[in-house]
Amino acid sequence: MYDFNYEKATSVDGAASTLSGADDGKFMAGGMTLLPTLKQRLAMPSDVIDLGGIPELVGITVDASSVTIGAMTPHAVVHASADVQKAIPALAKLAGLIGDPMVRNRGTIGGSISNNDPAADYPSAVVGLGATVHTTKREIAGDDFFTGMFETALEEDEIVTKVVFPIPEKAAYMKFPNPASRYAVVGTFVSQGPQGTRVAVTGAGPCVFRQSDMEAALTSSFAPESVENIKQDDEDMNSDIHASAEYRAHLVTIMAKRAVAEANG
Amino acid sequence: MPDGSIGTPIKRREDQRFLTGTGRYVDDFNRPGQTYAWMVRSSVAHAKIKSVDTSKAEAAPGVVMILTGADWAADEVGGLPCGWQVIGKNEIPMHEPLHPALVADKVRHVGDNLAVVIAETKEQARDAAELIEFDLEELPAVVSMVDAAAEGAALVHDDLPSNLCYDWEIGVKDEVDAIFDKADHVTKLDLINNRLVANPIEPRAALAEYDPAGDHYTLHTTSQNPHVIRLLMGAFVLSIPEHKLRVVAPDVGGGFGTKIYHYAEEAILTWASKKVRRPIKWTADRSDSFMTDAQGRDHVTTGELALDKDGHFLGLRVMTNANMGGYLSTFAPAIPTYLYATLLAGLYKTPAIYCCVNAWFTNTVPVDAYRGAGRPEACYLIERLVEQAARETGIEKTEIRRRNFIAVSEMPYQTPVALEYDSGDFIRNLEDGLEASDYNGFASRRADSEKNGKLRGIGLATYIEACGIAPSAVAGALGARAGLFESAEVRVHPTGSVTVFTGSHQHGQGHETTFAQLVADGLGVSVDSVEVVHGDTDRIQFGMGTYGSRSLAVGGSAIVKAMDKVVEKGKKIAAHLLEASVDDIEFDAGTFRVSGTDKELGIGDIALTAYVPHNYPIEELEPGLDETAFYDPKNFTYPNGCHVAEVEIDPETGVVGLCSFHAIDDFGKIINPMIVEGQVHGGLVQGIGQALMENCEYDDQGQLITGSFNDYCLPRADDVPNFVVGTNEGAPCTHNPLGVKGCGEAGTIGAGAAVTNAVLDALGTRGIHDIDMPATSHKVWQALQQSNG
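As given, the protein sequences belong to chains A and B, one line each in that order. Going by my numbering, the first residue of the first sequence is number 313, and it counts up by one from there. Going by my numbering, the first residue of the second sequence is number 8, and it counts up by one from there.
Worth double-checking, as some hints may not be accurate.
[Unchecked claim] Quick list of in silico lysine-lysine cross-link-like pairs, DSS-like style, CA-CA up to 30 Å:
#, chain 1, residue 1, chain 2, residue 2
1, B, K281, B, K251
2, B, K282, B, K113
3, B, K568, B, K579
4, B, K282, A, K338
5, B, K578, A, K405
6, B, K282, B, K55
7, B, K129, B, K113
8, B, K18, B, K57
9, A, K482, B, K458
10, B, K641, B, K568
11, B, K18, B, K55
12, B, K356, B, K18
13, B, K578, B, K606
14, B, K281, B, K129
15, A, K543, B, K461
16, B, K57, B, K356
17, A, K405, B, K180
18, B, K356, B, K316
19, A, K482, B, K129
20, B, K641, B, K606
21, B, K356, B, K180
22, A, K338, A, K351
23, B, K96, A, K351
24, B, K461, A, K405
25, B, K356, B, K641
26, A, K351, B, K63
27, B, K129, A, K320
28, A, K543, B, K63
29, B, K786, A, K543
30, A, K351, B, K113
31, B, K458, B, K572
[Claimed, not checked] Just so you have them, the derived chain B footprint on chain A, three or more residues with Cβ under 8 Å:
#, stretch
32, 435-447
33, 548-556
No wet-lab data here; the hints were simulated from the structure. Since we're looking at a predicted model, the values are computed, not measured. Ideal placement from N, C-alpha and C gives every residue a C-beta, glycine not left out.
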């Protein structure tokens with residue numbers, strides 16, 4: 313790593329003001345992306361501001377209509393939460409599929425969505441459930457939060473504080489993992505409920521997207537047969553040594569079909 | 008059986024320290040005043056070095072010294088040597104271009120060594136390295152062997168006429184061609200044996216110290232063979248006499264072959280330690296491992312099997328292109344020749360075999376032995392051909408094997424490719440493998456899979472391999488520049504405990520346990536009273552180290568020979584103490600007895616007497632009870648077995664699920680069944696990794712695309728099923744005192760072929776009859792698309 317100033321913030325205001333005073337500061341959530349980046353000397357921030365000392369950012373609350381997850385809540389906690397498992401089992405399952413046990417003990421939802429890796433899992437849940445992202449400055453609808461590869465609607469000094477997931481009638485997440493990294497080659501989150509019928513796909517393209525043809529078909533009939541013949545256009549799909557664009561496009565349909573079957577129980 | 012004796016699965020005593028964080032690996036050693044080295048490596052595959060400017064770097068904080076290829080060349084130190092000379096067709100020896108530890112003229116692969124920065128801290132060294140200015144003129148990279156062989160291809164080594172290292176053959180081509188011309192059927196396959204990165208859990212490391220008072224060097228290094236490093240580096244690189252050089256390989260976290268070789272960092276640090284006059288320490292990152300550890304396999308082969316109308320094998324004809332990488336690693340030339348082509352008979356009576364091997368230099372990381380080293384490549388070729396021939400002729404795949412197996416009655420069996428097999432019951436292993444895997448029940452399991460829309464396949468690999476390397480004269484005749492004996496000193500202490508100094512080295516094999524079991528059994532002492540010492544050239548007589556599944560067969564036999572000498576001397580002492588003739592003394596289970604009487608003494612009494620020689624035949628016998636033996640094996644050993652893999656493929660995604668894996672192996676006599684089972688498991692996982700997951704890839708510029716675990720898919724525990732393994736001990740090795748054959752590599756040898764054959768058995772129902780390793784879901788899906796389209 314290059315040298316940097318390290319500070320463990322005790323409040324979001326303190327964190328934001330440290331950032332604005334730094335030459336080139338970076339917030340750190342779980343560090344599961346940032347630390348490897350620093351170790352490989354691919355980034356050179358002047359300051360690393362650790363958000364792990366702000367207790368009000370951690371925690372899960374569930375009421376009749378929504379599940380609220382604090383931005384600094386580790387994936388392992390979400391996965392193990394009996395409340396989340398009861399209210400939105402697909403979300404608990406998703407959290408349990410992220411990375412590996414060490415990553416899940418440190419990685420957080422706030423960090424994941426702020427980074428917006430095209431192969432991350434959480435973005436598909438945020439869009440797939442029509443969640444709302446709360447920040448230090450405002451509330452951002454899930455559909456508006458993810459704007460491009462590694463890009464979000466967040467401003468430079470804006471910190472995610474919590475994500476509010478509306479509870480659907482039914483939902484499921486199907487992930488086809490890269491066998492090496494276990495990131496999502498394709499991850500499809502489907503749901504039906506007060507936020508409508510949603511099919512959110514991560515991993516396949518540069519950014520999470522909604523598959524509108526599948527959503528239309530599922531709105532008529534929420535059954536696997538409704539989507540099994542819908543082809544995803546491969547034109548903007550990612551392509552690398554692990555999966556071609558055609559393969560990913562094909563897997564979008566397969567994962568959607570399987571997710572719908574699982575959502576129907 | 009008494010606890011700890013041969014055949015008992017006692018727990019490994021070394022695991023206590025390994026599992027509680029108290030192992031002592033090279034990186035755990037620290038010396039007062041030590042400095043840290045950072046290697047500056049090329050980020051391009053092929054470039055001329057026009058200039059190097061270290062002035063800014065030298066002024067950086069904490070920098071002690073910076074050394075480049077020009078400094079290495081100026082000191083007239085030798086290049087890293089190759090330990091095996093292959094002589095090709097027409098007596099033409101292989102090309103052996105210079106392999107400098109630090110390069111001055113050009114870089115020949117991503118990761119090639121440009122400079123070393125030595126500083127007070129590792130971070131300071133790394134910071135300073137970024138300030139070195141290199142003017143590199145990039146050259147076209149030859150990455151694949153097709154590139155390397157092309158007319159007008161860029162030369163990896165400018166002093167050679169081409170990129171061909173050698174053109175070698177075994178067998179008589181005309182005779183084999185004539186057989187093929189007359190054969191009823193020929194099965195032909197083009198195969199790739201894909202390149203792998205070994206990734207032992209401990210990256211390489213080195214710590215070098217120079218003591219000016221004694222003009223003496225000490226090198227701690229992650230090596231499988233410290234004496235070999237001392238010899239190669241001392242004699243051929245740095246001109247340091249062996250008595251002035253100590254090499255220590257302490258606890259080492261896995262090797263799999265990659266830690267056999269004499270690497271640049273060992274020589275650089277030792278050389279620099281005299282200049283710097285302070286200890287220098289270097290520890291690789293995992294990224295370093297990916298681009299500097301010798302990689303494995305990388306063959307492209309065309310193989311043909313000639314059969315008569317009854318499915319008997321008449322001949323085998325093989326052309327293999329083998330990748331050497333940018334430089335010759337220490338044993339690289341031997342792997343695709345003497346450890347590969349000589350195994351092409353497999354378990355079969357094929358009477359005529361011809362194999363031609365062309366080895367090529369390319370702008371990639373050097374390739375050398377990796378667990379199995381040539382034998383997985385041979386088994387993969389043969390067993391793929393056998394099952395393909397079965398498909399083409401309609402002869403069932405176990406039946407075609409039975410028709411061609413060498414029978415027990417034909418042992419010892421001289422193959423047409425130099426090796427003579429001593430023992431093995433191949434039919435028995437096959438029958439046991441088929442029964443264990445419920446081969447006969449496969450059809451109904453396949454029907455069940457099909458009901459669920461899945462494709463099911465079962466595949467075999469019946470293999471034999473040659474290990475326990477090697478008879479020195481034979482190896483020498485084939486081009487080895489070293490002997491391949493092993494050594495042991497068995498030192499019985501005055502109060503009866505025993506220390507064994509072995510030339511073998513453990514980096515996962517469990518020798519501290521297994522060798523203690525040998526001694527407990529051989530001398531009749533408790534296993535807890537035996538200590539096994541390895542890895543330090545100052546403490547141990549010359550040994551060749553551990554690889555090629557040789558430690559038990561060769562190292563263990565040396566221990567047996569040393570124990571024989573101990574017992575022989577003990578009998579003389581006992582004869583004196585018991586007032587009997589030495590010919591009347593028997594030794595059994597720790598007791599020396601006058602035969603036919605109850606006059607006896609324990610080995611403890613004998614040991615004490617040897618060191619307190621008051622009542623002692625001092626005129627005829629020296630005091631002490633401490634014997635050394637060097638053992639040169641009479642032949643290779645030939646483990647063999649039957650591996651059965653069963654897979655289920657999801658055609659919607661191409662995912663290959665490995666449902667079961669059964670392995671029946673003949674390792675001769677088994678010393679510790681638990682350790683053997685562990686070795687088989689490890690080998691199977693690596694073989695399955697090659698078949699389904701692992702692939703080292705370069706782009707057309709020679710960039711290593713799979714340079715981390717994000718992209719290089721190393722298997723994990725949940726990728727494999729619980730293995731069912733068994734051993735047959737009915738055919739012990741006939742030529743070493745233990746009857747053992749070695750087990751360390753067998754898992755990798757059979758697994759690749761068994762799994763690939765299973766995948767093809769499943770895909771065959773969709774008209775797909777060929778696929779290369781690794782059979783990833785992507786590749787399988789693409790094959791399914793092409794067969795539909």
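- Message: Please verify whether K338 (chain A) and K351 (chain A) have alpha carbons no more than 30 Å apart.
- Response: Holds - the C-alpha atoms of K351 (chain A) and K338 (chain A) are around 15 Å apart, at most 30 Å.
- Is the Cα-Cα distance between K57 (chain B) and K356 (chain B) 30 Å or less? violated, 57 Å
- Do the alpha carbons of K482 (chain A) and K129 (chain B) lie within 30 Å of each other, as the hint requires? violated, 54 Å
- Query: Does the alpha-carbon distance linking K351 (chain A) and K113 (chain B) stay inside the 30 Å limit?
  - Reply: Within the cut-off at roughly 29 Å; holds.
- Holds or violated: K543 (chain A) with K63 (chain B), Cα cutoff 30 Å? violated, 58 Å
- Coverage claim, chain B over the stretch 435-447 of chain A, checked by counting residues with Cβ within 8 Å (three needed): violated (count 0)
- Query: Do the alpha carbons of K568 (chain B) and K579 (chain B) lie within 30 Å of each other, as the hint requires?
  - Reply: holds, 17 Å
- Task: Below or equal to 30 Å on CA atoms is what counts here, so check K578 (chain B) against K606 (chain B).
- Result: Holds - the C-alpha atoms of K606 (chain B) and K578 (chain B) are around 13 Å apart, at most 30 Å.
- Message: Please verify whether K641 (chain B) and K606 (chain B) have alpha carbons no more than 30 Å apart.
- Response: violated, 39 Å
- Would you mind confirming whether the straight-line C-alpha gap from K786 (chain B) to K543 (chain A) stays at or under 30 Å? Cα-Cα ~20 Å, so holds.
- Would you check the hint for K96 (chain B) and K351 (chain A), treating anything up to 30 Å between C-alpha atoms as holding? With a Cα-Cα distance of about 50 Å, the restraint between K96 (chain B) and K351 (chain A) is violated, given a limit of 30 Å.
- Message: Next pair to validate is K356 (chain B) with K18 (chain B); report whether the Cα-Cα distance is within 30 Å.
- Response: violated, 41 Å
When the structure is compared with the earlier hints, violations turn up for hints 4, 5, 8, 11, 12, 16, 17, 19, 20, 23, 28, 31 and 32 and for no others.
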